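Engineer: Residue-level listing of the chains:
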Amino acid sequence: MSAIQPPAVRVWWKQPLDRVEGTWIAIAFVWCLVMFFMMPYWHVYGKQNLSNEAYRTTPERYQQKTQEIVDRYTVRTETDLKVPVVHPPAGSDVYLIARLWQWWPMLELEEGKTYRLHLASMDWLHGFSLQPENINVEVHPGYEHVVTLTPTRAGTYSIICNEYCGINHHTMASRLYVVKR
Amino acid sequence: MAINRNFRTCPTTGLVFHEQADRLIRWNAVAGVVSLLVGGVLALLVTLTRWPAVHLLPADWFYLVLTAHGLDMLVFWIIFFEIAVLYFCGAVLLRCRIAAPRWAWLGFALMVIGAVTNNVAVFRGDSSVMFTSYAPMGAHPAFYLGLILFAVGALIGCFVFLGTLVVARSEGTFHGSLPLVTFGAVTACIIAIFTIASGAIILIPTFLWSIGLVSHIDSLMYRTVWWAFGHSSQQINVAAHVSIWYAIAAIVFGAKALSERVSRTAFLLYICFLQLASAHHLLADPGLTSNWKIFNTSYAMYLAVLASMVHGLTVPGAIEVAQREKGYNRGLFEWLRKAPWGNPVFSGMFISLVGFGFLGGISGVMMGTEQLNLIIHNTIYVPGHFHATVVVGTTLAFMSMTYFLIPVLFRRELMFPGLARWQPYLFGLGMSSFALFMMGAGTLGVPRRHWDITFAGNPLGYEFPGTAYLMMGIMALSGIVAVVGGIAYLLITVGSVFFGKRIGGSEFKALSVREGRASPPAPQPVAAAITGHGSIGIGGFVAPGTFTLALVFLVAFVLYYFVNWKYLSTLWPLS
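From first to last, the protein sequence lines are chains V and F.
Each step along the first sequence adds one to the number in the numbering used here, with nothing skipped, and position 74 is 74.
Adding 1000 to a residue's 1-based position in the second sequence gives its number in the numbering used here.
Honestly, the hints are just simulated from the structure, not real lab data.
Keep in mind the model is a prediction, meaning the values are calculated, not measured.
From the three backbone atoms N, C-alpha and C, an ideal C-beta is built for every residue, glycine too.
Check before you lean on any hint, since a few could be wrong.
As the list claims (entries may be wrong) - Only part of the chain V face toward chain F is listed, based on derived beta-carbon distances under 7 Å: (1) LEU17; (2) GLU21; (3) MET39; (4) ALA54; (5) GLU68; (6) VAL70; (7) ASP93; (8) LEU125; (9) THR150; (10) ALA154; (11) SER158; (12) ARG175.
I would like the entire structure built from these sequences, with the hints used as guidance.
Structural biologist: Listed below in structure tokens is the structure:
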């Protein structure tokens, strides 16, 4: 009798486990538990955990808060589009808008300082993808996500969009500068 | 109208085909293969565009073609074929008539209409919203309507399958418990019903929104519910292709499960622990707590992963035991060396199993780990993962099943047997390499669903490292090898079905209920059934070769898992 026929005996559940199966199930189960405990473990001892802090918002409200930061801390503008580059004080709240098809404004942060980075979309879903760090976060419209981050290495980073957002999705890219004090 | 009770018996395999079931299986399989053909052409276009050195299509066409490719492959090819698999596991394996054939045909018609409607909507050009169609990005109403019609048709198919089980039981066409393969198909069917219900909950309001009757679709709500549909549908595939692995092991080797109890429990774990699979798609989203994310991706112990690890052992283990009982009992791997590697039914299934486990399984757990998701989310690693699961795993398993079905179901000899011998290797290894290099590029941050990673002409563009371009190039070349394997498959199946030499000797005859009844199995003392597998194997292990392979798998899994944590620990601190 094979697997495409009914089991030969009606009491198939009485067949004892083969040693090979029993051993493997035990090993695999222990490994599954290890994988589970790694996640809470990392919340306690690891340093890279995505923030749980988020608020409902509206495009207007979020735009206004971002504008205030831009008005106060813009240090220069870049490209033909005159995108403001904002250098907020260390430890402060930084706002980044995702919209079709732009990240706005550009950010300049200080190495080794911690910031509260706010992320929200004005329209559709976008994907915050910081390269070459390779930190990837989903950006929703209507939700303001606050991510606390600490840039550890000075340099010029890129923020690209990695959630498909329409025909010019691939043009949606910006910079993030990390400078030494 | 009298019930059609015409049956035929396949002289080589002894399988019994009901006339209506026979036709329904054929037509569903054919519709699946047509979708595969369309999806395959689109696959080539996508690959050639993502090959930076070629960059074939313009942006608007790329996004359109990628949308259609995802839907034709992941939804239409796979679900048409799955309905065929359900009817096969129901009516054929239980040797009974299919329940309510006219409903089954209605379901099939709805699926065809739905698939065509959806494709038309995409090719009109105003519905390039990708497979996931994340609101608030909107598609033409016909896009959602097509999917809804298709889903209703598939749901009817599920109930026809369940009805067939009732018919088989009441007409006494089998004794005792369902065969293991049919049990797996029931698992797939139950998951399918959950999946389609989730699809209805999200797609119907989205359809109403697209015609202006609903004012707002929340993006987080959409993603949460949509993935209960989108990911659960992948669990249908897993349950279906694991059933097919068992079926092929039984067909080629006469293998039976090491123990019915373990294999069936593992299927049951799929039903119990896969359902909230939307969670691991939302690990990078705001508005959900870590507790919710951790619990719902793992249910505290990853029992669904455990189930797949169990099947990964018991399927080759069953083959090993069958081979050892035939006398290939020397050393660890004689059973595997002496396996019929030239038979595409077996070679395809085995590559599917290994590729699914090593590439698809391991990468899937990485992405589904809350923190590791940060370095993977929406990179090309993600399609790398699911090409390993759904293409190497599901599609290749379905392909190997067709090589068995062509003589048995379509009554035609296989054309181009020499090509068929190589097809699983071309397709399976090409696709495995494709998936592997996608994951490699994803680790370097290359985004998925992206037309131009060079950011040509963009003053703010990012320059990916040279290695990323190299990986994308090798990925594309591997993709082309896989496409060649896909063309070979289509050539063989379409050629055989239309022009293959007919095999006679299996005509339909009317069979009364009484004639169709299974003869009761010979009484067997319980003690005989519950003894082990005799004197095969090494050191009390009946399948030592499989166990060794499983340990290799585990070591790869553990190492790769901690390599990823190491990589994560180098990132900027986040909290």
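Engineer: Taking the closest Cβ pair, is MET39 (chain V) under 7 Å from chain F?
Structural biologist: holds, 5 Å
Engineer: Verify the interface restraint on ALA154 (chain V): the C-beta must sit less than 7 Å from at least one C-beta of chain F.
Structural biologist: violated, 12 Å
Engineer: For the hint on LEU17 (chain V), does the least C-beta distance to chain F fall short of 7 Å?
Structural biologist: holds, 6 Å
Engineer: Hint validation: ARG175 (chain V) versus chain F, beta carbon distance must be below 7 Å. Holds or violated?
Structural biologist: holds, 6 Å
Engineer: Report holds or violated for the interface hint on ALA54 (chain V), using the least CB-CB distance to chain F and a cut-off of 7 Å.
Structural biologist: holds, 4 Å
Engineer: Closer than 7 Å between Cβ atoms is the bar; does LEU125 (chain V) clear it against chain F? Give me holds or violated.
Structural biologist: Holds, about 5 Å.
Engineer: Does VAL70 (chain V) meet its interface restraint, that is, does its C-beta lie within less than 7 Å of any C-beta in chain F?
Structural biologist: violated, 17 Å
Engineer: Does the interface hint hold: is GLU68 (chain V) within less than 7 Å of chain F, judged Cβ to Cβ?
Structural biologist: Cβ of GLU68 (chain V) sits 21 Å from chain F, so the hint is violated.
Engineer: Does SER158 (chain V) pass the interface check with chain F, least Cβ-Cβ distance below 7 Å?
Structural biologist: Check passed: Cβ of SER158 (chain V) comes within 3 Å of chain F, closer than 7 Å.
Engineer: Would the hint on GLU21 (chain V) stand, with a C-beta cut-off of 7 Å toward chain F?
Structural biologist: With Cβ-Cβ at 5 Å, under 7 Å, it holds.
Engineer: Go through the hint on THR150 (chain V) and say holds or violated, using the shortest Cβ distance to chain F against 7 Å.
Structural biologist: OK, holds: THR150 (chain V) within 7 Å of chain F, min 5 Å.
Engineer: Does the closest beta carbon of chain F sit nearer than 7 Å to the beta carbon of ASP93 (chain V)?
Structural biologist: violated, 15 Å
In the structure shown, a violation is registered for the earlier hints numbered 5, 6, 7, 10, in ascending order.
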